[in-house]
Every structure is written in structure tokens, then in C-alpha cells.
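Participant: Sequence:
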Amino acid sequence: MSAAHAADMVQPVAASGFNWSGAYIGIGGGFGATVHKVSVAPFVDFNGIGGNGVFGELTAGYDYMVNERFLLGGFIDANYGNIGPSLSAFGLDANLQNVYGFDVGVRAGYLLNPNTLGYVLGGYSWQHFKLDASSIGFDYTENRGGYVLGVGMETVLRGNWTLKTEYRYADYGDKSVLDFGGGSLNVEPSTHTFHIAANYRFGAQNGGGAALEAPVYNWTGFYAGGALGAGTMVHDLSVAGGFIDLNGIGGEGVFGEASVGYDHDFGNWVAGVQLDARYSGIQSKLDIFGGTIKGDADYGFDALARVGAKVNDSTLAYVIGGYSWQHFNLHASPPSGPSTDIYDWGSSGFSVGGGLETAVSSNVTVGLEYRYSQYQKQDFGSGGFLEDTPSFQTVRVGAKYKFN
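With the numbering used here applied, the sequence shown corresponds to residues 188 to 591, in that order.
Because the hints were derived from the structure by calculation, they are not lab data.
Check before you lean on any hint, since a few could be wrong.
Computed spacing ranges between beta-carbons, pair by pair [to be verified]: (1) G570 - N269: 29 to 35 Å; (2) G278 - V253: 55 to 61 Å; (3) G390 - G278: 54 to 60 Å; (4) W313 - D280: 26 to 32 Å; (5) F277 - N455: 28 to 34 Å; (6) G369 - I475: 31 to 37 Å; (7) G390 - L336: 35 to 41 Å; (8) G360 - A398: 44 to 50 Å.
Dumping the calculated EDC-like pairs for lysine to aspartate or glutamate here, alpha-carbon to alpha-carbon at most 20 Å [to be verified]: (9) K224 - E329; (10) K564 - E375; (11) K472 - E400; (12) K317 - D280; (13) K481 - E329; (14) K224 - D366; (15) K481 - D500.
Idealized CB from N, CA, C, for every residue including glycine.
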């Protein structure tokens, strides 16, 4: 590479002039999972009953640039979906779903470059839950309020339009749903959701944008990176060849991940390959009569390929997919004594997903990515009497360093 060409690679470009202050409206949707923590104190505490699903969303909000880099804003969203577990047994079909709800909150953002905003959010969440067992003429509904926390990235597309990707965690509190004989059955729902939305921002092209220089980033090259993430696991259990089907046993937690990879820049498009290794705290947990049973998804790896489009000078929107392997461990701890392994296994599967990645310097990018992973069915040594098909929904926030 000539000295003149090297100088061109690091030369900053002019600021976009995009004005992040002002009102906006948007439409989108996403994927997610619910985990219901069920307890009968002081005997049983089970985290939990879980299920996957999708949702659609409308949003509106207002942002204000406090200074050249920092933003404060407020938002309100309305959602409609089908996230939740299901049970089929003895001719009975039952579904427990998050049907509709809304979030209202505030967010604080930082301009990673003139075209892309990184932010955190928090606020109030309200959700309508419905247990539908119409095959036996039974329905139960409940409204819950709680808190929501999240992290996201929003980047400029064209004109007044932006693209948003976002992860949210919501908790709707521990509340009694059934009282009996001096005791009660308590349920605490929580949700992990990934949001994709297009926002129309009024006045975005009227000037007053940040006077920042956007880094020039060459996507071709090898990189190494790390990420932190959170997510859910859902076990789809089949008993007696599908006579009973519970989708499913849920778990949640956080994880850390390291990655290496290579990307090639084809102009408006980027393609590459990536290897990941992770250690996870995602688990299901049952505390019963002083003892504990845990189902852990403790470590694994992925071999993935991705293809992305440059949505602006600094940011890549991409899809990703490939092979995944995960180790599972089921173990128990009695009221007194050491933990004992009950069953552990490794399972192959696939992962698909997508995300946003944006340059913050000529060598460093940050990104937010969603993945859905599903693994092979595991037969617990009983000729198909008890089988488990696990799946994951995870979101990771990471950084990569590219070697020029």
C-alpha cells in the first residue's frame, strides 16, 4: 500500500449534518421469549416456564441533543404478539401468551459517529397476558405492570429515515395468582425481546446536525473481538412420542463471548466468516424442599458466515448464520452435600440472526446482534419416551479490532 493511499484511508469525511433532535414515529417488530418464575413459598421456586414468539410494534418519541455527542429523549411503544409457552396433552391445548402491551420510558444516547447513535433506555412496561385453554372452555387473563431496561443502536438510512435495533429486558413482578390453605401460587413473568424498527424523524434534514467527523473504515481484513450478552433458552419437551408436548421449560442469563473472523469489502456489500467461543450463565433452576436442580447451558462455539449492506458511510446492516454447538449439564444439589451431575450432553445445531455494526475509528467497530439458535433433539436414553429440543434467543453487544 502506498503512503498516499494509506493517508486516504484514514482521512476523515465531512459530518453528515443529520439532526437527531426532534420528534419521530416508527413501525417495526421483533422476536422474543418469556420466562415465568413460578413459586409456592417456601417449598418450590421454579425459574421457569418459557416460550418463544414474535411481535409487531408502533412507536413515537422525542429526542433532544444536549450537546454535540449526548442525547436525551422519551418514547412510547405499543406492541401486539404471541410470545409464550404452550402445552399439548391428553387432547388439551393451552397457550400462555403476551398478547399486547406498551412501554413508556426515557433513553440516553451517545453519537458513536455522525450517522449512528448508541443508547440505553429504561421505564415502565405494561402487558396483557392470556392463558387460553379453549379446548376445555377455560380462559384466564391478567394485566401486569413492571419495569423495562434496554440497549440499542440507531443509524441513518436515507433522508429522514433511520433504522433501529434494540434489546429490552422487562420484569412484571412477583404476584399471587392462586391462594389456597394459607399458601399461594406466585408467578413472576420476565421477557427478553429484540426490536427492529424504521423511524421517520421530523426535521432531520433541517440542519443543526452534529459537527463530527466520520471515521473512514475499510471492512476488508482480519479481526478479533469480544462481546457481552443476555438471552433465553427454551426446552421443547416431548413425552411418549408427542402424546405430551410442552414448549417449554425456560431459562435465562448472561454470557461472554470471544470471536475472530475475516471480512471482505465488495463496495456496497461486505461478506465474511467468523468463529465464536462463549461461556454462559443461561440456566433453568428448580429449588424444591431445600434442594436445587439446575439445567445449565454453560459453553459452546459457532462457525458462521455473514453478508451485510452498507447503510451509510460508517455502518453495516447484516444477516448471519451457520453451525452452532452447545454443551448442556443437568445437575442437582441436595439440602446438604455436594452437587451431583445427573446428565450432560453436547448438541449440534444452527444459528441465524442479524445486527448493526458501526465504526468508531479506523480500526474499531461496535455492534448489537440478535441470534436464534436451535439444537438437535436429545433422547434421554428411553427409546424416544422423553425427548428435548432446546433453542436460544440471544443478544450481544460487542467490539471488534481489525488488523490493517
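Participant: Please go over all the hints and tell whether each is borne out by the structure.
Facilitator: Right, here's what the structure says about each hint:
1. G570 - N269: 29 to 35 Å: holds (34 Å)
2. G278 - V253: 55 to 61 Å: holds (60 Å)
3. G390 - G278: 54 to 60 Å: holds (58 Å)
4. W313 - D280: 26 to 32 Å: holds (27 Å)
5. F277 - N455: 28 to 34 Å: violated (56 Å)
6. G369 - I475: 31 to 37 Å: Taking Cβ atoms as reference, G369 and I475 lie about 19 Å apart, which means the hint is violated.
7. G390 - L336: 35 to 41 Å: violated (29 Å)
8. G360 - A398: 44 to 50 Å: Between G360 and A398, where Cβ atoms are some 45 Å apart, the hint holds.
9. K224 - E329: holds (16 Å)
10. K564 - E375: Measuring from Cα to Cα gives roughly 29 Å; hence the hint is violated.
11. K472 - E400: violated (49 Å)
12. K317 - D280: Given that 20 Å is the threshold and the Cα spacing comes to 14 Å, the pair holds.
13. K481 - E329: Violated, because 29 Å separates the two Cα atoms, which is more than 20 Å.
14. K224 - D366: Between K224 and D366 the Cα gap is close to 17 Å, so the pair holds against 20 Å.
15. K481 - D500: violated (47 Å)
The earlier numbered hints that this structure contradicts are 5, 6, 7, 10, 11, 13, 15.
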